[in-house]
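**Student:** Each chain is listed here by its residues.
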Amino acid sequence: MLVTIRRLQVKYGNQVALQIEEPVAFEKGERIGVIGSNGAGKSTLVKALLGLVHYEGNVVTQLKPEQMAVHMQFNEYVTSMPVRYIMETILGTKIKGNKELQELISFFDFEPCLSKRFHALSGGQKQKFTIIMVMFQKAELTFFDEVTSGLDFETRQKLMEKLARWYQDKGDTLVIVSHYYEELEQLADKILILEKGKVAAFGKKEQLFKDYCGSVVFIMENTEKNRKLSEGFPIIKSPEHLLALSCESRAQEREVMSVLAENNVNFKRSNSDIEIMFMNAREQFYRRQEGNRV
Amino acid sequence: MKKCSLRMVLYELRNINGNFMPHFFGIVFPNLMCVLLSKTVGRQVPEGMREEVVTSIMLTMTLVIPMAIMLIGYGALYAQEVERGIPLRMRLFGLGEKCEVTAKIAAHLVFLTIAFVIFAVFQGLVMEVQRPALPSLLCLIVSLYLIGVIFLITAHAIANILQKFSLTFGVTMFLYFGMMILTGMMGMRTDQLPEAFQKVAATLPMTYVSNDFIDFWQGGTYNFMPFIQSFIFMGAASGILLLLSMYKNRRIS
Numbered sequence: 001m002l003v004t005i006r007r008l009q010v011k012y013g014n015q016v017a018l019q020i021e022e023p024v025a026f027e028k029g030e031r032i033g034v035i036g037s038n039g040a041g042k043s044t045l046v047k048a049l050l051g052l053v054h055y056e057g058n059v060v061t062q063l064k065p066e067q068m069a070v071h072m073q074f075n076e077y078v079t080s081m082p083v084r085y086i087m088e089t090i091l092g093t094k095i096k097g098n099k100e101l102q103e104l105i106s107f108f109d110f111e112p113c114l115s116k117r118f119h120a121l122s123g124g125q126k127q128k129f130t131i132i133m134v135m136f137q138k139a140e141l142t143f144f145d146e147v148t149s150g151l152d153f154e155t156r157q158k159l160m161e162k163l164a165r166w167y168q169d170k171g172d173t174l175v176i177v178s179h180y181y182e183e184l185e186q187l188a189d190k191i192l193i194l195e196k197g198k199v200a201a202f203g204k205k206e207q208l209f210k211d212y213c214g215s216v217v218f219i220m221e222n223t224e225k226n227r228k229l230s231e232g233f234p235i236i237k238s239p240e241h242l243l244a245l246s247c248e249s250r251a252q253e254r255e256v257m258s259v260l261a262e263n264n265v266n267f268k269r270s271n272s273d274i275e276i277m278f279m280n281a282r283e284q285f286y287r288r289q290e291g292n293r294v
Numbered sequence: 295m296k297k298c299s300l301r302m303v304l305y306e307l308r309n310i311n312g313n314f315m316p317h318f319f320g321i322v323f324p325n326l327m328c329v330l331l332s333k334t335v336g337r338q339v340p341e342g343m344r345e346e347v348v349t350s351i352m353l354t355m356t357l358v359i360p361m362a363i364m365l366i367g368y369g370a371l372y373a374q375e376v377e378r379g380i381p382l383r384m385r386l387f388g389l390g391e392k393c394e395v396t397a398k399i400a401a402h403l404v405f406l407t408i409a410f411v412i413f414a415v416f417q418g419l420v421m422e423v424q425r426p427a428l429p430s431l432l433c434l435i436v437s438l439y440l441i442g443v444i445f446l447i448t449a450h451a452i453a454n455i456l457q458k459f460s461l462t463f464g465v466t467m468f469l470y471f472g473m474m475i476l477t478g479m480m481g482m483r484t485d486q487l488p489e490a491f492q493k494v495a496a497t498l499p500m501t502y503v504s505n506d507f508i509d510f511w512q513g514g515t516y517n518f519m520p521f522i523q524s525f526i527f528m529g530a531a532s533g534i535l536l537l538l539s540m541y542k543n544r545r546i547s
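In order, the protein sequences belong to chains A and B.
In terms of my numbering, the first sequence opens at residue 1 and continues consecutively.
In terms of my numbering, the second sequence opens at residue 295 and continues consecutively.
Just chain A, same shape as in the assembly:
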């Protein structure tokens, strides 16, 4: 195990920001996506693992905080010099003489930005700047905390594509905190769902989907016609404008598909939709909480 979290509690004043009861373990080479609503404790978890906040409980790991690399939500640098010098100082190497670094810079098309000062970079370029340095560290455990927040759709997509491509055949352990489900679909193989500072669910992406959504879901528009057609099929939690039908077996899947096709309904079939999985895991979490209270 690379990191095992046991009975972790982080408090801000009197408020409990994070409370992990059951052990959560990150293994070497895993890609863990951390997802949750605002204030769920995602960034607090990262800060606790990095030793930046006081906590009670145990974080069992052989790694020292400095052996972990992190792309924080907000990364600031001095604006008194071109970013090239900042990069060379932090990484302790000359760009000119380091092929590996040059490759990373060119992979992210960052060469034209090297002579600019940090405040003159665009949002996406600022993120790339930190990403390059974080990647170059080649730490045993790397955190990406909302790398794409504040970026426009196109920049976000391009950046995530680059990240996914870079890590495709590499064995690095990554913890990716994100609000964007598609990013986690691209990068994560395990999902940790946090809600109100607690673990709502943790496990392999496929397993969690099965546990909370069934084998397959059919997603369509939430119209009156579709609601009528869905009667008799198990409807699971989905965004308000959508309708999601859960199927447990092949036979059920065929049945739903034929009804939808016969009625000329546009639909999407998925066995990995993280958004639907997240919503249903969260709903069950609240049901469990209510059950515990009763």
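Think of the hints as simulated: they come from the structure by calculation, not from any bench.
Errors might be hidden in some of the hints.
[Said to hold, decoys possible] Once the Cα atoms are required to be at most 25 Å apart in a straight line, the calculated SDA-like pairs of lysine to any residue come out as:
#1 A:Lys94 / B:Leu419
#2 A:Lys228 / A:Glu253
#3 A:Lys64 / B:Ile380
#4 A:Lys116 / B:Phe468
[Claimed, not checked] If you anchor each label on the Cβ, the simulated ranges turn out as follows:
#5 B:Phe468 / A:Glu290: 29 to 39 Å
#6 B:Val339 / A:Pro82: 45 to 55 Å
#7 B:Lys458 / A:Lys158: 48 to 58 Å
#8 A:Phe74 / B:Ala427: 28 to 38 Å
#9 A:Phe74 / B:Val339: 37 to 47 Å
#10 A:His54 / B:Phe468: 30 to 40 Å
#11 B:Ile412 / A:Gln157: 50 to 60 Å
#12 B:Gly312 / A:Phe74: 43 to 53 Å
#13 A:Gln102 / B:Val494: 55 to 65 Å
#14 A:Gly150 / B:Gly481: 49 to 59 Å
#15 B:Leu431 / A:Gly150: 33 to 43 Å
#16 B:Lys458 / A:Asn14: 18 to 28 Å
#17 B:Phe468 / A:Ala120: 31 to 41 Å
#18 A:Glu182 / B:Phe323: 48 to 58 Å
Each residue gets a CB set at the ideal place from its N, CA and C atoms; glycine is no exception.
Put chain B on the given structure of chain A with help from the hints.
**Tutor:** Frame of chain A; chain B shown alone:
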């Protein structure tokens, strides 16, 4: 954690160079103040005493350089960095506080040297001052560097504890002017102050440079014990502040 390197020192030098405060407060201000005060006060004293009075003013003004560069300039620069989370970001890249402080001290000492050289050349060209005895000059130089290092550590600790630029700037400005008044740099001699203030002034090395150095500038004897004790006191106070700030911002592992 990474070790301090020449690259880190160069980075810090670039950082100082990109900030106007050390240039203004550490180079422009003391030079102008020295010329202005010397010309004004120099006119009011008899011809025979003028050189000694001007030299005394120059000695006092040399103190402004480390105080302005290290306490005000560095304090402002570093507090801005702290407020924006830059030192934490550096820490997360494995650049520890010891390495950071060492590089910052080295870079600021280089900048301080440049400021001293400019001051000496400019004042030497513009003013007529007494030529010092070599031991006295060396004593002044060592004192100024020590004062500079102590103030940098103090400013660093204050910024780390307060975490806000406005608060740090307020506190360092208060200390700067407070110490200038106490140590006789604002025109009032220390022995003219109330007794309680005189006791506080006795714990500050600047008091001795400002009031006593003129007495042995061209040679002679001087009891250095109170002066050394004041260095020990200020050095210990800044060291304790630094340890407190490091404890406050420590990482848990």
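**Student:** Each hint needs a verdict: does it hold in this structure or not?
**Tutor:** Results for each hint:
{"no.": "1", "hint": "A:Lys94 / B:Leu419", "in the structure": "42 Å, violated"}
{"no.": "2", "hint": "A:Lys228 / A:Glu253", "in the structure": "18 Å, holds"}
{"no.": "3", "hint": "A:Lys64 / B:Ile380", "in the structure": "21 Å, holds"}
{"no.": "4", "hint": "A:Lys116 / B:Phe468", "in the structure": "37 Å, violated"}
{"no.": "5", "hint": "B:Phe468 / A:Glu290: 29 to 39 Å", "in the structure": "56 Å, violated"}
{"no.": "6", "hint": "B:Val339 / A:Pro82: 45 to 55 Å", "in the structure": "51 Å, holds"}
{"no.": "7", "hint": "B:Lys458 / A:Lys158: 48 to 58 Å", "in the structure": "37 Å, violated"}
{"no.": "8", "hint": "A:Phe74 / B:Ala427: 28 to 38 Å", "in the structure": "56 Å, violated"}
{"no.": "9", "hint": "A:Phe74 / B:Val339: 37 to 47 Å", "in the structure": "58 Å, violated"}
{"no.": "10", "hint": "A:His54 / B:Phe468: 30 to 40 Å", "in the structure": "31 Å, holds"}
{"no.": "11", "hint": "B:Ile412 / A:Gln157: 50 to 60 Å", "in the structure": "53 Å, holds"}
{"no.": "12", "hint": "B:Gly312 / A:Phe74: 43 to 53 Å", "in the structure": "21 Å, violated"}
{"no.": "13", "hint": "A:Gln102 / B:Val494: 55 to 65 Å", "in the structure": "57 Å, holds"}
{"no.": "14", "hint": "A:Gly150 / B:Gly481: 49 to 59 Å", "in the structure": "53 Å, holds"}
{"no.": "15", "hint": "B:Leu431 / A:Gly150: 33 to 43 Å", "in the structure": "56 Å, violated"}
{"no.": "16", "hint": "B:Lys458 / A:Asn14: 18 to 28 Å", "in the structure": "24 Å, holds"}
{"no.": "17", "hint": "B:Phe468 / A:Ala120: 31 to 41 Å", "in the structure": "35 Å, holds"}
{"no.": "18", "hint": "A:Glu182 / B:Phe323: 48 to 58 Å", "in the structure": "56 Å, holds"}
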